[in-house]
Amino acid sequence: MTDTDTEPGTAAPPERQAKAETPRPRGFGPLGWLRWAWRQLTTMRTALILLFLVALGTVPGSILPQRGQAPERVEQYYEDHASLAPWLDKLSLFDVFAAPWFAAIYILLFVSLAGCVLPRAGVHYRAMRARPPRAPRNLARLPQTATYETDADPEAVLAQARTVLRRRRFRTDADGAAVSAEKGYLGETGNLVFHLALLGLLFALGVGNVFGYRGDVLLTEGKTFANAINNYDQFAPGRWFDTGELAPFTITLDEFTARYEAKGAQRGQALDYLARLRFKESPDDPGGRYDLKVNHPLQVGSSKVYLLGNGYAPRFTVRDGKGEVAFQDTVPFLPMEQRGMTSEGVIKAPDARPEQLAFYGILWPSAAASQDGKQIQSAFPAPIRPMVSITAFKGDVGLDNGAPQSVYKLDNIGRGLDVVKDGRKLLEPGETLKLPGGAGSITFDGLAEYTTLSVNHDPGRVPALIAAILAVAGIVASFMVRRRRVWVRARAGKGGRTVVEVGGLTLGHPTPEFDDIVAALRGEKDAGDPSSDTGKKE
Amino acid sequence: MGNAADLANLSDKLTLATAVLYVIAVVAFAVDAGFGRRRAAADAVERAEEKARVLAGAGGPDVAEPAAPAEPRTRGTDWAKFAVLLSVLGWGAHLGAIVTRGLATERWPWGNMYEFLTSIAFAAVSAFLVVLWRYKARFLGAFVMLAAVIALGVANIWLYSEAGPVVPALNSYWIAIHVSAAIVATGAFTVAGVASILYLLQARREAAGKDAVPGGFWSHLPSSGDLDRLALRVTMFAFPIWTAAIIMGAIWADEAWGRAWGWDPKEIWSFITWIIYAAYLHARATAGWRGRKAAVLALIAFAALMFNFFGVNYMFSGLHSYA
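So the sequence lines, in the order shown, correspond to chains A and B. For reference, each letter of the first sequence is one residue, going 1 to 538 in the numbering used here. For reference, each letter of the second sequence is one residue, going 1 to 323 in the numbering used here.
Chain A extracted, bound-state conformation (with noise of 0.2 angstroms):
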């Protein structure tokens, strides 16, 4: 108690600084054992090793490529590095925050830390209602004291000591001779408050991952999304998460917008998306609308919807040998770069006769050549000159067998699937490539823009904001109230005088507090503002 350098909120209990004196199991037990190790788990020592080997472990996670973010990077790492990659897979260096070992760590901080922060709980509602601590024989041998002679008789000095303690809003005890006061509770109060926010904090994150989900979406321009797990292009479930519990709202994009910086060093880059929504939260519901932007999700049920990004959908009409419509349709393209959007896409005719077609195309939003004259590129994201290049290829798409496969990508080129000669082209919006030999033609019919939207229901999002909330402000008042007492003891000195003793002491460092109750005690005025001080000054 005597330490003046442990500071308020960071002081350890005395169950986690007597690791020194740990005694060693000697021929006790297993229960013994088992208390052993529990003491240890339990010992600051081993929570700051416990830290240590979180934030080692998360290292990794910053790295190396992890499934849970970027799964097709795992991929990428696998090509490149063939013979180490399977050696890190299985050490679970591709999901480490998923990893056993991981769990481990953070599961045994978390035990070590209610096995602390529990009992201490414990102890310190208990300190609240108890008396405050008795007065040490000598006073005079704590960090703060003061010594002063009056006339008033020894009671009226303790009554009065009493009552300057309690304006103070110090509990009082009458000791004897002495007065025992001790007020900051808060700053204990708030430090267990902090590391059990923590606890609720993963417990909230927890609920939200195993009873909520996540998905996204791809939904161009006139289209309309459903609710229900076959619609999303991607689909997370909680691991208890039922999926008849899927809302039944339904989003259509009626117009997405994207504006750009025209001028400058950032040409180019963007300012603003915009997905102008209608959206019904069941089949019967009259619906309304929402200007969906970044950062400005829109609520619908317990789902929230996240505009993500962008892309645009060309309209393409492809008729077949017959000179039937085989697919009239807008069709997704993937970005290849952000500066001018240049992306690609294929289309696929599989009900084309008598020779199914498919298609690759890049889409320049804003074509124009390049420096050197020879290539084309995208010169702006906007679709200011959109143009579309077109190879044509003919033969067995390899839809039929009913394998899936990648609406973004041509997989049977080669096995059944050739490209057309002579069936490539350039298209402005209106423009047709007809294929040779009366295979059928290709129409770019114009633009569409798609968004790509997040879906998700985390029901751990309030409790664990909640907990956030509860652990910053529990460790503002860790760190900003400290636990002081205060003790005044009067005994009758020479000359029917009364000699009376006071005497502080405060965890951490002392305060000019105490000063201005000796002050108050004697009869100052100057006595200070009892309201203004709260023992944070120096």
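It should be emphasised that the hints constitute simulated quantities derived from the structure, not laboratory data. Possibly wrong hints are sitting among the right ones.
[To be verified] Below, simulated DSSO-like cross-link-like pairs (lysine-lysine); rule was C-alpha separation at most 27 angstroms, straight line:
id, chain 1, residue 1, chain 2, residue 2
1, A, K409, A, K223
2, A, K304, B, K266
3, A, K374, A, K263
4, A, K90, B, K266
5, A, K280, A, K263
6, A, K425, A, K409
7, B, K13, B, K81
8, A, K322, A, K434
9, B, K13, A, K293
10, A, K374, A, K304
11, B, K136, B, K81
12, A, K263, B, K13
[Unchecked claim] Part of the chain A face toward chain B, derived, beta carbon under 7 angstroms:
id, residue
13, L51
14, S62
15, L64
16, G215
17, Y306
The structure presented is a predicted model; accordingly, all values stated were derived computationally and were not measured. Just so it is clear, CB atoms sit at the ideal spot from N, CA and C, and this is done for glycine as well.
Position chain B against the provided structure of chain A, taking the given hints into account.
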């Protein structure tokens, strides 16, 4: 938009003025620390008097008479005052540079690495001026101002980007809250880091028994114990702000990207930094970890903080790669 261009230009000029003022301040602080031998003695006398006064205050009425004020120092150039004046002037120019940048771009002026680093340097100088005022920690001047000069240099030479708009994700009031908190915490951690380095050097010197020799640069520094406490106190100020910065970042991420925490490299390293500072605060309270070990921990934490700033943005790709 001529007005905006003028403002952006003014901002650049003010940044240059700031850097010049800071450089001279560094020199002035260094001269004050290196050659103010006479004043060192005077300081010692003053400190002793102050101690006497404190003791008297606790003693009783008979000896409570205030000690005579220390003899005013008038002889020679007062390098310390000069240095502080330059720092304050530089701070004003720095503030002006940030404000004009914000006006030129019509947004919060910390949307890219250049602006972010400029703001961190500003926060560090502000934190230094606060500890200068509250703890008389003038000895930190040369170091903190030097760090600020280096930061401004790096920002202007390697990270400079012209005044312009930011990507849509950054168009949120959260940038005012989340990024400001990160800036303030980083500035304060920088001051604490300087104090920790000085602590390690001073402690080594004391252990070698060299502290008995008066004069010289090191005698101007506080004792290792005081440096240690200063580092702790500033860290205790910065840690809750860093905690809040991370949490507000999570809230913003939930609004912008639909997930509060996604183990993005920036998030990972913020977390690592937070963990190590937490370990430091716990270590300070535990016997056997105090002093040297704790100071080394604080410096590891600071290294993680710096890596989070530079390394993460230039070595990894993630959602925070704006630059």
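Hints that the structure is at odds with (numbers, increasing): 5, 9, 10, 15 and 16
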